[in-house]
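Protein chains in written order, with the working numbering: chain A, 1 to 279; chain B, 1 to 155; chain C, 1 to 267; chain D, 1 to 342.
Honestly, the hints are just simulated from the structure, not real lab data. Treat the hints with caution; some may be incorrect.
Claimed, not checked - Capping the alpha-carbon separation at 27 Å, the derived lysine-lysine pairs in DSSO-like fashion look like this: (1) B/Lys127 / B/Lys137; (2) D/Lys121 / A/Lys43; (3) A/Lys34 / D/Lys31; (4) A/Lys28 / D/Lys37; (5) C/Lys106 / C/Lys25; (6) B/Lys114 / C/Lys131; (7) D/Lys160 / D/Lys121; (8) C/Lys133 / B/Lys53; (9) B/Lys128 / C/Lys131; (10) A/Lys13 / A/Lys113; (11) D/Lys39 / C/Lys30; (12) A/Lys13 / D/Lys80; (13) C/Lys131 / D/Lys199; (14) C/Lys25 / D/Lys121; (15) A/Lys81 / D/Lys80; (16) B/Lys140 / D/Lys37; (17) D/Lys230 / C/Lys69; (18) A/Lys142 / A/Lys16; (19) A/Lys30 / D/Lys202; (20) D/Lys199 / D/Lys182; (21) B/Lys137 / D/Lys230; (22) A/Lys113 / A/Lys142; (23) D/Lys31 / B/Lys140; (24) C/Lys30 / D/Lys38; (25) C/Lys133 / D/Lys41.
Nothing here was measured: the structure is a model prediction, and the numbers come from that model.
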Amino acid sequence: MENNNMYLPYLMKIDKITCEAPSIKTFKLKFINKEDEESFNFKAGQFGEYSIFGEGESTFCIASSPTRKGYIECTFREVGKITSALANCEEGNIIGFRGPYGNTFPIEQWTGKNLIFIAGGIALPPLRCVIWNALDLRDKFKDITILYGAKTADDLVYKYELEDWKNRNDVKLITTVDPGGETKDWTGEVGFVPHILGKYPPHSNNTIAIVCGPPIMIKLTMPILMKLGFTNENIFTTLENRMKCGIGKCGHCMVGNNYVCKDGPVYRYDELLQLPLEY
Amino acid sequence: MSDFEPKIIAFVCNWCTYAGADLAGTSRIKYAHNIRIVRFPCTGRIDFMLLLKAFQSGADGIIVSGCHPADCHYTAGNYHARRRWIVFQNLLNFLGIDTRRITFSWVSAAEGAKWGHLVNEVVDNIKKIGPYTEYAKLGKIGIGSISEGNYARIE
Amino acid sequence: MQELNNKIAELLTNNLVSIFISYKKGLNGKIKPAFFTKPNEVYENYFGDEAQQNLAVYVHKPEVKKYSKVGILANIFALKALLQLYAENQIKDNYLTIVTVNQDNKVIVFADFNEIESYIAQHQIEKNTNKQKEINELLSLSREKRWEFWVEQLSSCIKCYACRAICPMCYCSKCTVELNQPQWISVPAHSLGNFEWHIMRMMHLACRCINCQECSRVCPMNIPLHLLTTKINSDMEEEFGQIAGMKTTLDFALNTFKVDDYENFIR
Amino acid sequence: MKILSGKIMNYKTLKIDNLDLFFNEIKKSGKNLLVPKKKGKTTYFSSFININDVEFNYIQTTISPKSALFPKVEELISFKKDDGTYVVTEPSIEKETIVFGLRPCDAVGLEYLSNFFLNEKSDFTVRLRKENTTLITLACKNFDENCFCTSVGLSPASIKGSDICLTDIGNGLFYAEIITDKGEKLIAEHSALFSNAEKINKESYVAQVPLKFDSDNLIKNIKNYYNSEKWTINSLPCLGCGACAFVCPTCTCFNIEDEANPVCGTRLRCWDSCAFGIFTLHASGHNPRPIQSNRWRHRVLHKFGYSVTNMDTLSCVGCGRCIRVCPAGMNIIEQILDLQEA
C-alpha cells in the first residue's frame, strides 16, 4: 500500500512552448525536483493530469516518447477553463503534473511487424509518443506508415516533425486535409482520412493499425480496415473521456465497468467492442 | 480599530462616475485612498455576482455608482440597474448580509467633488463599522479538514 | 377521477396527444409522475391532494419534447408555471393540451393560454400567511441573528441541485453554475458556494418564480427555500406590483423600469 | 450473495440510560462523535452536543454517514505561491471520529466505499479517516416500504462493516456485539458502562424486512438488460438532480476543483453525480451519455452489474435513501422488478 497522497502533483517547469496550430500548443516540461525526474518512468500511451494551481487539473496524454528522458511534452487545444489558463502560461512558469496513469500500447509485442498509424486532428499527440518510440527503436519494426489528416493545412500539428518524417526514407508519411482546407502550396492529399486510407490501402498482413481521432473518423475508418483484412486484434485505439482523478476513483470516465483512466486509455478494438457505446 | 484601513471596491460606470472620479483627480480633490475602482461600460452591466465576489475577496465596503437617472449613455441602463439593486438589497438584507456596506450613488462626470465626498463618507462609515470578514469566511465553512489559516483572504 | 381518466383516454385514443403527463401511485405508495402513451395505461392515473409535484417541469425535458403533442395534467401551480413559460416564449402554440380539475372536481381542458389566464385570475391562491409570518419573524431579528440562521441553513446544502431540477422556471440548458469561464459560483458545497448558488438562483427567479415551493419540498436537507422565494415574490409585488404566472404576455419586472422607481437608498 | 460473515469478538450489554454518559465520556475524551439529528423531515449526522438533540426515532437517516469517510467537500492539497514557484502541502486529518446510530446496511455501504477507495491506488484521505473512525451500528427495529436490504443479501442483523453493533433487546438494554479491535478498544475505554453478556439470537429483536426482488437472478441476467426499453420509460420522471447519489452510502464519484486567490489556494474534492448531464460532457461538446435514461441506466447498472464485475460485490445496500429522497418518485426497486419481468 502506498502511503503518499495520490493527488500531490510533481512541480514542473515549462521549458519550451511551441505553437502548433491555431489554439494548439505544445509544452516541454521539466521536473523541478531531480529525484522526481529520476524516479519518473512512463510508457507509450499513458497520460497525466496537468494542473494550473488555482484553476484546476486537465487530462492529456504524454506526447513525448518514453525513450527520451528528462522531460515530457504535452499538446493541447485551448477549449476550456484550464486549457485556456495553460495557454496563457509563459516559459519558465511552474505547473503541476500527476501521472503517469493508464495502460500502454504493447509495443514489445509488435516487434517484427508493420505499423500503420492513422490519426485525425488533435489526436496525433497520443500517437506521436508511440511513433517516436517506434522510430527510436526503428530496426525492431518493418514498414512504418503514418496517415495524418486535419481540417486545414493550418490545423496540422507538429509541422516540423511531419517534415522530418517526410524526409526520412524509413517512414511513409501521408498527410491529408479536408476538402477546402488546402492552401495554395499544399502538396499532400485532399480528402477525409478514411477516404485517403482507401486510396493507399495498406497490407493487413503482419500489420498493426493504431487509430486515433474524432469518433466520426474512427467510425468510418474501421469498416475500411476490416475490408482490408485487418482483424480486431490488430487494431488499437485510445479513448478520451472526461476525467478528474486519473486513478479510477472519480467515476467520470466510466464506460460500462471500465475506467478509461485505469483500464484504458489504450484499447484493442476487440476489447472496445465489448464495452457499451458510452465513449 | 483606529488603524483599520478598510478596502473599498467601487464599481463605476465609464461615462459618468469614472469621469467624475477623473475630474476629482484633475481638480486635485483629496479623498481617502482606500478605494479600488473597477470601470464598467454601464451600471446595467454591474452584475450582482460581482458584488458578492468583492466581499468574498475581502472587500469591507462596496460603492456602486453611475449616471444620474435620465443621463445614461445607453438611455436606460441605470434605470434597470436601479430595479435590480432594490431586489438585490432586499434579498441580501433578508439573508443577513450587511447591506450597510454597499453604497449606491449617482455621480455625474461633473461631480468630482461629490465623488470625493462620497468616498470619504463611505470610508469613515466602514471604519466605524469595522472589517467585514463574515462573508469571506464562508469559504472555509463546511470543508472537511481544511488547515486553518492557509486559505487567507487577499491582503 | 373517472371523468379525468376518460378524458385522458379520449385524448390519447383520438391522437390529440401522443403522451399525457399525469400522476400515478408508485410501488411504495408515493405519488409520482406518470407518462401515459396508450389509453389502456390510464387506469393507473391518480389525482388528489398528494399529487404535489409541479408537472410543468417536464415540458422542458428533451425526452418529452420528442413527442409531437403533449398533454399535461396541471394543478394551479403548474398552470401558473405554464402560463409564465408561455409568456417567456418557452412553449410553442398548439403543442400542449392542458387539463386541470377544478375545486368542484370538474375536468377542464383549456383551449388556449388566454383561458388559463382567466382561470388563474378567478382561482387566486390564498396568501400563505404562515410563510409571511415566518418571514416577518426573521426580519424582526437582528441582522446578525438572521445571518446565523441562514449560515446554518445554507451550510447544510449538499448542492444536489434538486431545487433547480424540480423548478419549472429553471429551464436554462446551461445553468450559471455550469459556466466556468469565469467561475461565478464555487462548485464545492461549502457555505460560500452554497450562498452564491442560492443568491444567484433567487436573483434569476425574481419575478419569474410562481411560488409553487417545490424547491423547498424536495430539498433533502430541508432548507427553507420557500422563505427566500416568498420573500422575493412579495418584494416584487410590493415594489413593482408584479406577480409571475398571471399573464400571457411577459411582464418581467427586472426587464423594465419606471422613471419614478423609488431610489431613496441611492446617494 | 450472502455477505453476513464477520467474526464477533465479544458480547456485552449497555443500559440505554447509560447512553448519555457514554456519549459525554466520548465527547470529554476529545473525540468527534457523530449522532443522528433531526431537522424537519431530514435526519442527518452531526456532532454530539447534548443527548436531547439525538434522534432515535428514524427508519433511516436521510443523509448517509458516508461523509465520515468521504465528506461533501474536502481538501486534497493546498498550495501557496512562493517566489515564482509553489509550496504544496497536504492536509492532516487529526480527529478520531465515532459514528453512532448508523444502520447495518450503512456499515456495509461504508465498507464498500472504503474498499473501493483503498483498492489499487489507495486514497489517502479516506484511508486516514477510515483508520480514525469507529462505527457503532444500531440494528433496525422498524422498516418501511423503501427498505430492501434483504433483497441485496443483507439484513437488519448484519454486522459486516460495523465495529460495534447495538441491538435494543428491551428492558432498557442494548445488546452489544463487538466485532473489531477498534470496537474492543472503544469499549475498553468505557468498560464501566458495559456488562458482560452471553451470545443471544438477535433475530427476534430486529425488523423482518420482506424480500423485494431476487438479486442472484438480477446479477445473472444483468448483461441482458443493457438494451432493455424499460430504461427510457422508467427514467422519464428523472429530472437529473444529484440527490440520489449524494444521499447514497456507496456512491463514490467526485469532482476536483481548485479555489484560490492570487496568493494561495486549495484543491478541493467534492461529491459529483452521474445523473448530472455535465458529468460526462467532453470539452468538445460530445456527451457519451447524452440523455437521462443513459445516466439512470449507468447508475443502476453500476450498483448491480459493474461493481459485481469489478469488486465482486453489489454496491447497493438496500437502504432505500434514493427512493425516499427522489423529487420525482423514482424507485430503483420498480426499475429492477420491471427489468426482471421483461
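For each hint, the structure was consulted:
1. B/Lys127 / B/Lys137: Satisfied, since the Cα-Cα distance of roughly 20 Å is no more than 27 Å.
2. D/Lys121 / A/Lys43: 18 Å, holds
3. A/Lys34 / D/Lys31: Violated. A/Lys34 to D/Lys31 sits at ~42 Å, over the 27 Å cutoff.
4. A/Lys28 / D/Lys37: 54 Å, violated
5. C/Lys106 / C/Lys25: 21 Å, holds
6. B/Lys114 / C/Lys131: At roughly 43 Å apart (the allowed maximum being 27 Å), C/Lys131 and B/Lys114 break the hint.
7. D/Lys160 / D/Lys121: 24 Å, holds
8. C/Lys133 / B/Lys53: At roughly 32 Å apart (the allowed maximum being 27 Å), B/Lys53 and C/Lys133 break the hint.
9. B/Lys128 / C/Lys131: 36 Å, violated
10. A/Lys13 / A/Lys113: 38 Å, violated
11. D/Lys39 / C/Lys30: Given that 27 Å is the threshold and the Cα spacing comes to 22 Å, the pair holds.
12. A/Lys13 / D/Lys80: 16 Å, holds
13. C/Lys131 / D/Lys199: 54 Å, violated
14. C/Lys25 / D/Lys121: 45 Å, violated
15. A/Lys81 / D/Lys80: 21 Å, holds
16. B/Lys140 / D/Lys37: 23 Å, holds
17. D/Lys230 / C/Lys69: 22 Å, holds
18. A/Lys142 / A/Lys16: 33 Å, violated
19. A/Lys30 / D/Lys202: Not OK: A/Lys30 and D/Lys202 at ~62 Å, beyond 27 Å, violated.
20. D/Lys199 / D/Lys182: Status holds; Cα separation ~20 Å.
21. B/Lys137 / D/Lys230: 48 Å, violated
22. A/Lys113 / A/Lys142: 5 Å, holds
23. D/Lys31 / B/Lys140: With a Cα-Cα distance of about 21 Å, the restraint between D/Lys31 and B/Lys140 holds, given a limit of 27 Å.
24. C/Lys30 / D/Lys38: 22 Å, holds
25. C/Lys133 / D/Lys41: Holds, at roughly 21 Å.
Going through the hint list in order, the structure does not satisfy hints 3, 4, 6, 8, 9, 10, 13, 14, 18, 19 and 21.
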